[in-house]
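There are 4 protein chains.
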Amino acid sequence: MANSKYEYVKAFEQPDVLLPNTWIVVRIDGRGFHKLTDRYAFKKPNDRRALDLMNAAAVEVMKDLPDLCIAYGVSDEYSFVFHPSCQLFERRNAKLVTTIVSTFTAHYIYQWGTHFPETPLESPYLPSFDGRAVVYPTARNLRDYMSWRQVDCHINNLYNTTFWTMVLQGGMSNTDAEQELKGTVSSDKNEILFKRFGINYNNEEEVYKKGSVLYRQVNSSLAGCNYQLEDAKAGSLESKAAADEESSSPMPDSKMSRSQQDKLKKLRRKAQVVVDHVDIIKDEFWERRPWILSGKPGTLPADA
Amino acid sequence: MANSKYEYVKAFEQPDVLLPNTWIVVRIDGRGFHKLTDRYAFKKPNDRRALDLMNAAAVEVMKDLPDLCIAYGVSDEYSFVFHPSCQLFERRNAKLVTTIVSTFTAHYIYQWGTHFPETPLESPYLPSFDGRAVVYPTARNLRDYMSWRQVDCHINNLYNTTFWTMVLQGGMSNTDAEQELKGTVSSDKNEILFKRFGINYNNEEEVYKKGSVLYRQVNSSLAGCNYQLEDAKAGSLESKAAADEESSSPMPDSKMSRSQQDKLKKLRRKAQVVVDHVDIIKDEFWERRPWILSGKPGTLPADA
Amino acid sequence: MANSKYEYVKAFEQPDVLLPNTWIVVRIDGRGFHKLTDRYAFKKPNDRRALDLMNAAAVEVMKDLPDLCIAYGVSDEYSFVFHPSCQLFERRNAKLVTTIVSTFTAHYIYQWGTHFPETPLESPYLPSFDGRAVVYPTARNLRDYMSWRQVDCHINNLYNTTFWTMVLQGGMSNTDAEQELKGTVSSDKNEILFKRFGINYNNEEEVYKKGSVLYRQVNSSLAGCNYQLEDAKAGSLESKAAADEESSSPMPDSKMSRSQQDKLKKLRRKAQVVVDHVDIIKDEFWERRPWILSGKPGTLPADA
Amino acid sequence: MANSKYEYVKAFEQPDVLLPNTWIVVRIDGRGFHKLTDRYAFKKPNDRRALDLMNAAAVEVMKDLPDLCIAYGVSDEYSFVFHPSCQLFERRNAKLVTTIVSTFTAHYIYQWGTHFPETPLESPYLPSFDGRAVVYPTARNLRDYMSWRQVDCHINNLYNTTFWTMVLQGGMSNTDAEQELKGTVSSDKNEILFKRFGINYNNEEEVYKKGSVLYRQVNSSLAGCNYQLEDAKAGSLESKAAADEESSSPMPDSKMSRSQQDKLKKLRRKAQVVVDHVDIIKDEFWERRPWILSGKPGTLPADA
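Residue numbers (the working numbering), protein chains in the order written: chain A, 1 to 304; chain B, 305 to 608; chain C, 609 to 912; chain D, 913 to 1216.
Note that these hints are calculated values from the structure, not bench results. Each residue gets a CB set at the ideal place from its N, CA and C atoms; glycine is no exception. Take the hints with a grain of salt, since some may be wrong.
In silico BS3-like links for lysine-lysine, alpha-carbon gap of 25 Å or less [claimed, not checked]:
#1 A:Lys35 x B:Lys574
#2 A:Lys266 x B:Lys339
#3 B:Lys493 x A:Lys5
#4 D:Lys1121 x D:Lys947
Output of the computed footprint for chain B on chain A, the stretches with three or more beta carbons under 8 Å from beta carbons of chain B [to be verified]:
#5 60-73
#6 119-127
#7 142-148
Among chain A residues calculated to face chain C with C-beta under 7 Å, some are [what the hints assert, rightly or not]:
#8 Ala11
#9 Phe12
#10 Pro15
#11 Pro20
Here chain A stands alone, though its shape is the one from the complex:
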């Protein structure tokens, strides 16, 4: 029985290759997590177990896909970033997005029991995530995207911290707290926390205030490699310019030999995935880790 009679249906598949030489951001979001956090009794305003689980799943995604150069997570969302030179899956949109969503979901479900030993999952109420890809033409646009997410993290966390303190410590009803917070600015909320509850928002945990940033770093035993250290000198203007040049080179990977690319991929696999809770809006973070935007370590170990 030949299949040729029906194979014409393949012609309906439309190509979805993402524009070359652009940053690819895949952002995933928890589906219906409002209900889910009720069912599994997540702590308010932040549940450290839930954030650790998000981060653990994201680390596995980073390890599984060495093409990823950075990721940023807050609450039930995570953004994964591919470098403009990325050729994974020929840059096919659906393939990239679904691979990340599925891998993330798999590890999230698998590790649930480790982080929530007392509230096991109950079918059919399983966590799941949706996702989408967006491309950004310049490093400036990418950094503004990352800043956008971190500012959002700050705004939401300050609000949630104040709201839940008013409710849980202040004994207010949800409605009253919501009503009082309507129209307030950051300084108002800081003041409520400090004056009424003696809480200095600045002393809250960094993971709540800054979210989580994931990137690769090689430990010191692999000498001769820019991945290795946060090098203060690497943050100079010269190296920044070099990084920019790299990132604006037309099609970096396509110009590398196959063996160079393989070497690079291996290095990325070996590199440790770091989970950090720091400011990614200012230049400092990026200047100290030029390899994130440049997409490659300065010196490959084999060359050293």
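Based on these hints, arrange chains B, C and D on the given structure of chain A.
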């Protein structure tokens, strides 16, 4: 701290709404399942536990998304079909595909232990799936797509059954078996199975030969509803024409009142999801279940 | 000097093939025709010379592209329709749209002097057109699109006829006429025309009330061909069903032999392009000319 | 008669906005110009009248669309470039492409008689053009695109010049000339021209060897504006870096006030469109005219 400075990055998100009034097929595939089946020692040529797990996860997807009207699975792939009138997530491509991929993955991981009690999952070697959406303009195109997958199931299963019988029962090397099967047609393989091993391929299990088709059916206690029974009379030409007319009506759901749509959605939720292993190439399957292509039961319970 | 160094830029071209087996409508619109009609003193509410020029240009487009099966024009816009089986330019969106826009523009400029002998074009104030393609999955959707345009024609023409009669014959200011017409329905406008000016809107010219529909028809000397005649019998339900079946067949042209396709193309070229001003909303127009939706004549001359 | 019944068909129109902050290149090509050049007896290998007509039409397009920052033409093709900050028609793909194609076609037809007074156009054999848009993320990618076209111009012109000299002056048949040129490199062709025909390819006209580049330049009476002069100092590294910074700023125009944008648009309209035949591959062309890539003059006249 206002976020307006960075919010311009939202303008880079491009709309991905699928063409209205078309059938949406979301096909998901196991990622790297060749390696995975080795690691977890799947049985050859077919592992019933693995297929049961696939089907169990697919049933949960069908239950979670009442807009789905049919699904078809074979090996490590599954196709889920939305009716042309579907408005779920405003028909956004990425949202539809990732929701299905993530929900499927979640249940697949969650139920793994039930189906493979002796080979627990080991991180990071977790199963995951990629997926994509394709739209088809006519019911004919959709049925040809479904036929394409089922013919593929047949071709692959006959090959695999013969190959693994030659290797496992016949003691041949993989290479020799592959070599001998090169260029053979169906009748050749049937003959090898029968003459050398006394196996009549027709007696193989239907789930292997036909794959699995999932659809909704209401049990008889909910009288007055076309979902209820496989009605032989419903398969007449008249009702088929009616179903066609429905399916070719411009925008069915948009013409229904909101309360009608809600009623319909509830009915879909109540309907049982059936797992069947039957021919979906011939007309009979579709004629006996006109509600699958028409997208609605003929008589809503409240009208009866 | 090899060009390979720069050829990577070709990778940025993204495919834009339109979904197979759908109706392709290319609608073009005059750019800034409000100003243009002032500059070249078009008559109000309708300038017959301008409509004749639009139609003449559209006829040339139909002749140039035998794949087009019907076109409909009103005011400074024209819609051109390709059959679902169309494979022209591999159905590439930009190629189809720009070819129609450019060919139309070329003939519009070229024939300007014939239709407007007393107001020659003056650079840089040349007429130009933009355009876009939209695909429709079913014949029902296509007919509803055509109906939408013809209803629009009616609504606009009744308004414009009333408005300009009030201004030109009634001596009202533009503002006063606009003000009085605000919120009126069709019957109000008919009454204004009839009671104040003795004009029966029904007696206005059909080209203004109905717009212009272009299609192919073979003259009687080419016997044995469905293109030939408006056959009353062809409008029966049987033949309509047959036509529908054709139009819903999966991929008609791909199933025809190359020589059959060539024969069909020749026939289309030979067929006369008719300019008609009739109702295309009701079934009658389509039932009498089943070849428009079926995409092929019933009997090819060579078969007769 | 309300139109609401059919208006649902508008939902089938799919958005086609081009990615923000990218260079938009619209390339148009003559349709079937091989036949056309035969019919109207274009001179070989180059017909100056035809190139002048192409350039004249392109200049009108540049004047009509002040958002265009540069254009490059060779043979029967022309590339028009919009700056990343361009917001014209909300960056809708079809609208941008068809507007350029139609405006170009209109002027090409209109001016035909001026450039080909002895071979008037004969319907239906009218010139027409197709076109498409491609976006490029970086100035480097854009310049490589432009280089690609100019290298192509060189390769084709050297071949055509040699081929037609061998045929027209050398009396060879087309086939023989083609045969002899197969596999030759540039130096071979240069040698054939020089040794056999005494032609030094370097002395050929620049318009044939380099193609035509169109850009804006303000004459000296509008002092205080970078558009004004080709300033050698402007080509220094500092100003280049400044230009780069501009071009990599996230969304330039959106940050300008409306009145600044209007001022800029006016300035662009006033600027003269220059037709040049120079190298655009090397840095010099771009360094001397930093406003082309920066998208704005350094000092607006009103500020001076």
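| message | Taking the earlier hints as the rules, which of them does this structure contradict? | response | Of the numbered hints, all hold.
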